[in-house]
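Sequences and hints are given; from them, build the entire structure.
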Amino acid sequence: MYPAYMEESIKRLEASRSQRLNETLRRLSDDEKKPLLEACHPDFIAEGMRDLAVGANKGIPTPHEMADVLEGNSRINPARIDLGKVDYDVDVLIIGGGGAGVSAALLAEENGAKVLLATKLRLGDANTVGAQAGTQAADRPEDSPVTHYIDTMGGGHYANIPELVEALVKDAPSVIKWLEKLGVNWDKNPDGSMHELSGGGASRLRLHSARDYTGLEEMRVLRDELRNRQIAHIEFSPAIELILDDRGQVAGALLLNLETNDIAVVKAKAVILATGGMGRLHIQGFPTTNHYGATADGLVLAYRAGAEMLYIDTMQYHPTGAAYPVQILGQLVTEKVRTLGAQLVNSDGSQFIMPLEPRDVVAAAIIRECKDRDKGIRTATGEVGVWLDSPMIDVIRGEGTVARELPAMVRQFANYGINISKEPMLVYPTLHYQNGGIKIDADGATTVPGLFAAGECMGGVHGRNRLIGNSTLDIFVFGRRTGKAAARWSREVTPGKMSLEHVRKWQEALEEADLNHSRPASPLLLPDYARKGPDYMPDNSRDLLPPARIRTA
Amino acid sequence: MTDQNGMIDIHVMGKQYKVPEGLTILTAMEYCGYRITRGCGCRAGFCGACATIYNLKDDPQLKYALACQKTVEPDMYLVQIPFFPARKAIYDLEKLHPEGEQVLALYPDLIKCFGCNNCTKTCPQEMEVMWYMSDALRGDIMEVANKSFDCVMCGLCAARCPQGLAHYNIALLCRRLYGRFLAPNSQHLDDRIAEIEAGRYDAELEKLRTMDGAELRRLYAQRDIEPAY
Ligand SMILES: Cc1cc2nc3c(=O)[nH]c(=O)nc-3n(C[C@H](O)[C@H](O)[C@H](O)COP(=O)(O)OP(=O)(O)OC[C@H]3O[C@@H](n4cnc5c(N)ncnc54)[C@H](O)[C@@H]3O)c2cc1C
Ligand code: FES
Chain F
1 MYPAYMEESI
11 KRLEASRSQR
21 LNETLRRLSD
31 DEKKPLLEAC
41 HPDFIAEGMR
51 DLAVGANKGI
61 PTPHEMADVL
71 EGNSRINPAR
81 IDLGKVDYDV
91 DVLIIGGGGA
101 GVSAALLAEE
111 NGAKVLLATK
121 LRLGDANTVG
131 AQAGTQAADR
141 PEDSPVTHYI
151 DTMGGGHYAN
161 IPELVEALVK
171 DAPSVIKWLE
181 KLGVNWDKNP
191 DGSMHELSGG
201 GASRLRLHSA
211 RDYTGLEEMR
221 VLRDELRNRQ
231 IAHIEFSPAI
241 ELILDDRGQV
251 AGALLLNLET
261 NDIAVVKAKA
271 VILATGGMGR
281 LHIQGFPTTN
291 HYGATADGLV
301 LAYRAGAEML
311 YIDTMQYHPT
321 GAAYPVQILG
331 QLVTEKVRTL
341 GAQLVNSDGS
351 QFIMPLEPRD
361 VVAAAIIREC
371 KDRDKGIRTA
381 TGEVGVWLDS
391 PMIDVIRGEG
401 TVARELPAMV
411 RQFANYGINI
421 SKEPMLVYPT
431 LHYQNGGIKI
441 DADGATTVPG
451 LFAAGECMGG
461 VHGRNRLIGN
471 STLDIFVFGR
481 RTGKAAARWS
491 REVTPGKMSL
501 EHVRKWQEAL
511 EEADLNHSRP
521 ASPLLLPDYA
531 RKGPDYMPDN
541 SRDLLPPARI
551 RTA
Chain W
1001 MTDQNGMIDI
1011 HVMGKQYKVP
1021 EGLTILTAME
1031 YCGYRITRGC
1041 GCRAGFCGAC
1051 ATIYNLKDDP
1061 QLKYALACQK
1071 TVEPDMYLVQ
1081 IPFFPARKAI
1091 YDLEKLHPEG
1101 EQVLALYPDL
1111 IKCFGCNNCT
1121 KTCPQEMEVM
1131 WYMSDALRGD
1141 IMEVANKSFD
1151 CVMCGLCAAR
1161 CPQGLAHYNI
1171 ALLCRRLYGR
1181 FLAPNSQHLD
1191 DRIAEIEAGR
1201 YDAELEKLRT
1211 MDGAELRRLY
1221 AQRDIEPAY
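Line by line, the protein sequences are chains F and W.
Numbering-wise, the first sequence is residues 1 to 553 according to the numbering used here.
Numbering-wise, the second sequence is residues 1001 to 1229 according to the numbering used here.
In case anyone wonders, no lab produced these hints; they're calculated from the structure.
Hints may contain errors.
Residues of chain F placed beyond 12 angstroms of chain W at every Cβ, according to the derived structure [claimed, not checked]:
hint, residue
1, 19
2, 36
3, 52
4, 54
5, 87
6, 284
7, 378
8, 419
9, 423
10, 508
11, 517
12, 521
Only part of the chain F face toward chain W is listed, based on derived beta-carbon distances under 10 angstroms [as the list claims (entries may be wrong)]:
hint, residue
13, 121
14, 132
15, 169
16, 193
17, 203
18, 341
Cross-link-like lysine to any residue pairs, in silico, SDA-like; alpha carbons within 25 angstroms at most [claimed, not checked]:
hint, chain 1, residue 1, chain 2, residue 2
19, W, 1095, W, 1106
20, W, 1112, W, 1083
21, F, 181, W, 1087
22, W, 1147, F, 410
23, W, 1112, W, 1140
24, F, 422, F, 352
25, F, 177, W, 1142
26, W, 1112, W, 1162
27, F, 505, F, 60
28, F, 34, W, 1215
29, W, 1095, W, 1146
30, F, 177, W, 1090
31, W, 1121, W, 1162
32, F, 422, F, 350
33, F, 170, W, 1213
34, F, 484, W, 1180
35, W, 1095, F, 232
36, F, 33, W, 1222
37, W, 1088, F, 234
38, F, 170, W, 1219
39, W, 1088, F, 110
40, F, 422, F, 21
Ideal Cβ positions, reconstructed from N, Cα and C, are used throughout, including at glycine.
So, in structure tokens, the structure goes:
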């Protein structure tokens, strides 16, 4: 049930439904997309960005919130760390326990390396579990890796690194098979063929799903396999700094025990960063779909060690975050709802964009509808959004489809008394994904020797805009590749003497640029949502008034 | 009771706080000033990190929820259970058979279930946990996989089981057995993998990789789009 003040607009939506059933808006041409994106997509808001003042990407425009942590102060004083006291000595250290990290760990172990995986929260508390819609792979006879390649390049505005896209599309079918052999339950038709769906920007039905719990299914299987193989892993122990050696190669990392504040020294011949995304930085004040630990830590660690970043000025705002009820503000309404046939509708009851355009285009169109054209629907808490007409799905595909295909969505809205097979959902863009990240090659190697990166923390595969289903694909493609490559590297490398000299130099550079006083300590590790009362401590380190709180679930 | 400022009393581990109504348990705890380390993951109902047990001042009946999904109620007494020491069997999936005996051999405690139904009553995903435990006992692996699919592995069922079962690990074993051995094979997937390995797409991809931008744009604009349904 929606409050009475929204009813009128819902009536208009219902009234136009039968006419909209036969109305397919056409896709925009590249020439039509450009002005829309430039006018309405948050990536193009100049005040939201600044040029980085230090490091390998100095002079490159970056969102303020990201620039703050990249230019951040180290959490440690390198002079006080005793690298002689090694707590863990391994071949390959994997930082991050989401889909990319666990895949990398499995492959590194299979390739003979002694592995340690360290993660910030519990194993699998990650963006991976949140993935609902599915994973792309061109395996139907009507489809081909070539088509997948073209879709991915077009979606990424042709900024994608061709070698990485080639690896992505060629490895995709074997990734699906690998996951199935580990026991992932894919949605299938009775004859055994995969039940595949279309997705924004994809020209074929190519999304493999596990109901609308795809990422959860992938993650719980991988996590179980890591435990079965008894691969060493430590939870609640984020990496806070990389260790290099005197030859400039990576040599390990420092882990912080979040519960005791102890620091552990890990010596490793190769390190794989798999720390995921940045949603909890709340770029431009947007709420986010991301998990609690998505604070771009891997980028910070790599940047401080000298690694180059690619396309960190572009974020993906998922077109459909919940705008009502406020308890789930910014949480994901999966693209699968549109894939199944739901249209986007404004306050007049009219469609305004073809719902399966690439995400940046749909998000910009929703922002335009609400901000420029004032055709959004306002809520009592001051949010604005447009309707996503989920009841259409049952009209098109038969009664019961919503319940069968979208159990997670049904459950989430039912908690607040909204029946999405009969009532629409109010949506507005939400901060979802980091399109760019640490620059890698097709083995996941970064520009720092011995340092690899996989998953959402890397950049280049998706160009300037990722397509649905290509992320839960890349985490396995590049997780596996880096696991193998890092194991190989660890066999071949001649390690030097461990050092934190790069951290000392970094702090020097910050001081020279006069940034050390104005920048936060980073990596951020966790966002601070705790409300603060007045502070009576002598150092006056807390504000007297509660800080403005980011509105987010 | 809600006061005139829209505030309600809740009790976090027995300590009383006033919080605005409408918050989730998770955001209410943050409002109280807790900076959460354990007991919070996805913040969206998918990861099971935020398992919570509560009751109400005038109703001793225990209730169960995911803190990120449940809205606070007046006079709620709550505690989070961020970890529970449930047993997980170690196995090599490739060496198993998709049969009931296999499940029992790895989780012999299953036989101790006496049907108290506490697990079902606890499940914040409202699944029929006890029914799929009895399916597991009967060796109906497909039914376990099907009924347990929405499990976020929060561990509340195990925390309340008087017999020490690890329902969520048992169900995970069954789902893995189903996916690996019982789900019908996808021939088109095997065919495509074989084609890729035989280099069938290499030349075309090579051409695309080295193609100039304008040509690629033209291909993208002209691609035919399969209807979504
Ligand atoms: C709600 C939601 C829905 C999505 N739906 C889809 C979809 O349908 N299809 C699709 O393809 N993609 C989807 N995505 C995107 C996709 O799920 C993610 O991009 C992808 O899973 C990222 O995987 P990852 O392993 O790189 O990172 P994550 O899964 O986020 O894992 C990163 C891990 O690193 C840990 N970590 C972070 N910092 C540190 C540190 N300093 N030290 C140690 N550990 C650290 C984190 O705690 C976490 O465990 C979705 C994302 C979200 C949030
Ligand atoms: S925090 Fe993930 S389910 Fe609540």
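Structure-based check of all given hints:
With a least CB separation of 19 angstroms from chain W, residue 19 of chain F remains clear of the 12 angstroms interface cut-off, as annotated. Against chain W, the non-interface label of residue 36 of chain F holds: every CB pair exceeds 12 angstroms, the least being about 17 angstroms. Consistency note on residue 52 of chain F: stated as away from chain W, and its beta-carbon is indeed over 12 angstroms from all of that chain's, at 27 angstroms minimum. For residue 54 of chain F, the condition that its CB be more than 12 angstroms from all CB atoms of chain W holds, with the nearest at approximately 29 angstroms.
Every Cβ of chain W is farther than 12 angstroms from the Cβ of residue 87 of chain F; the closest lies at roughly 21 angstroms, confirming the non-interface assignment. Every C-beta of chain W lies more than 12 angstroms from that of residue 284 of chain F, the closest at about 20 angstroms, which supports listing it as non-interface. With 12 angstroms as the threshold on Cβ separation, the claim that residue 378 of chain F sits away from chain W holds: the shortest Cβ distance comes to roughly 18 angstroms. At roughly 15 angstroms from the closest C-beta of chain W, the C-beta of residue 419 of chain F stays outside 12 angstroms, upholding its exclusion from the interface.
No Cβ of chain W approaches the Cβ of residue 423 of chain F within 12 angstroms, the least distance being about 19 angstroms, so the stated non-interface status holds. At roughly 32 angstroms, the least C-beta separation between residue 508 of chain F and chain W is larger than 12 angstroms, which holds for a residue marked as non-interface. Once the 12 angstroms rule is applied to beta carbons, residue 517 of chain F is consistent with being away from chain W; the minimum gap is 24 angstroms. Its beta-carbon lying about 15 angstroms from the closest one in chain W, residue 521 of chain F satisfies the requirement of being farther than 12 angstroms from that chain.
A hinted interface residue such as residue 121 of chain F counts as satisfied when its beta carbon comes closer than 10 angstroms to some beta carbon of chain W; here the least separation is about 6 angstroms, so the hint holds. Residue-level restraint check for residue 132 of chain F holds (minimum Cβ-Cβ distance to chain W is 8 angstroms; threshold 10 angstroms). At its closest, the beta carbon of residue 169 of chain F sits 8 angstroms from a beta carbon of chain W; the interface hint therefore holds under the 10 angstroms criterion. Annotation: interface hint on residue 193 of chain F holds; nearest CB of chain W at approximately 6 angstroms, less than 10 angstroms.
Interface restraint check for residue 203 of chain F: the shortest CB-CB distance to chain W comes to about 5 angstroms, inside 10 angstroms, so the restraint holds. At its closest, the beta carbon of residue 341 of chain F sits 6 angstroms from a beta carbon of chain W; the interface hint therefore holds under the 10 angstroms criterion. Our distance criterion of 25 angstroms between C-alpha atoms is met by residue 1095 of chain W and residue 1106 of chain W, whose separation comes to about 13 angstroms. Taking the CA atoms of residue 1112 of chain W and residue 1083 of chain W, the gap is about 23 angstroms. The hint holds against a cut of 25 angstroms.
Taking the CA atoms of residue 181 of chain F and residue 1087 of chain W, the gap is about 24 angstroms. The hint holds against a cut of 25 angstroms. Only pairs whose Cα atoms come within 25 angstroms are accepted, and residue 1147 of chain W paired with residue 410 of chain F is accepted, the gap being roughly 17 angstroms. The straight-line distance between the Cα atoms of residue 1112 of chain W and residue 1140 of chain W is roughly 18 angstroms, inside the 25 angstroms bound, and the hint therefore holds. Using a Cα cut-off of 25 angstroms, the hinted pair residue 422 of chain F and residue 352 of chain F holds, with the two alpha carbons roughly 22 angstroms apart.
Among the hinted pairs, residue 177 of chain F with residue 1142 of chain W is consistent with the structure: their alpha-carbon atoms are about 20 angstroms apart, no more than 25 angstroms. Taking the CA atoms of residue 1112 of chain W and residue 1162 of chain W, the gap is near 10 angstroms; set against the 25 angstroms cutoff, the hint holds. Between residue 505 of chain F and residue 60 of chain F the alpha-carbon distance is near 21 angstroms, which keeps this suggested pair within the 25 angstroms criterion. Between residue 34 of chain F and residue 1215 of chain W the alpha-carbon distance is near 19 angstroms, which keeps this suggested pair within the 25 angstroms criterion.
With a C-alpha separation of about 23 angstroms, the suggested pairing of residue 1095 of chain W with residue 1146 of chain W holds against the 25 angstroms cut-off. Between residue 177 of chain F and residue 1090 of chain W the alpha-carbon distance is near 23 angstroms, which keeps this suggested pair within the 25 angstroms criterion. For the hint pairing residue 1121 of chain W with residue 1162 of chain W, the CA-to-CA distance comes to about 13 angstroms; that is within 25 angstroms, so the pair holds. Only pairs whose Cα atoms come within 25 angstroms are accepted, and residue 422 of chain F paired with residue 350 of chain F is accepted, the gap being roughly 18 angstroms.
The straight-line distance between the Cα atoms of residue 170 of chain F and residue 1213 of chain W is roughly 21 angstroms, inside the 25 angstroms bound, and the hint therefore holds. Proposed proximity of residue 484 of chain F and residue 1180 of chain W is supported: the alpha carbons are some 24 angstroms apart, at most 25 angstroms. In summary, the hint linking residue 1095 of chain W to residue 232 of chain F is supported, as the alpha carbons are separated by about 22 angstroms, within the 25 angstroms threshold. For a cut-off of 25 angstroms, the pair hint linking residue 33 of chain F to residue 1222 of chain W stands: about 16 angstroms separates their Cα positions.
With a CA separation close to 17 angstroms, the supplied pair residue 1088 of chain W and residue 234 of chain F stays within the 25 angstroms bound. Note on residue 170 of chain F and residue 1219 of chain W: the hinted pairing holds, with a Cα-Cα distance of about 19 angstroms set against a maximum of 25 angstroms. In summary, the hint linking residue 1088 of chain W to residue 110 of chain F is supported, as the alpha carbons are separated by about 22 angstroms, within the 25 angstroms threshold. Restraint check: the Cα-Cα separation between residue 422 of chain F and residue 21 of chain F comes to about 16 angstroms, which is no more than 25 angstroms; the hinted pair holds.
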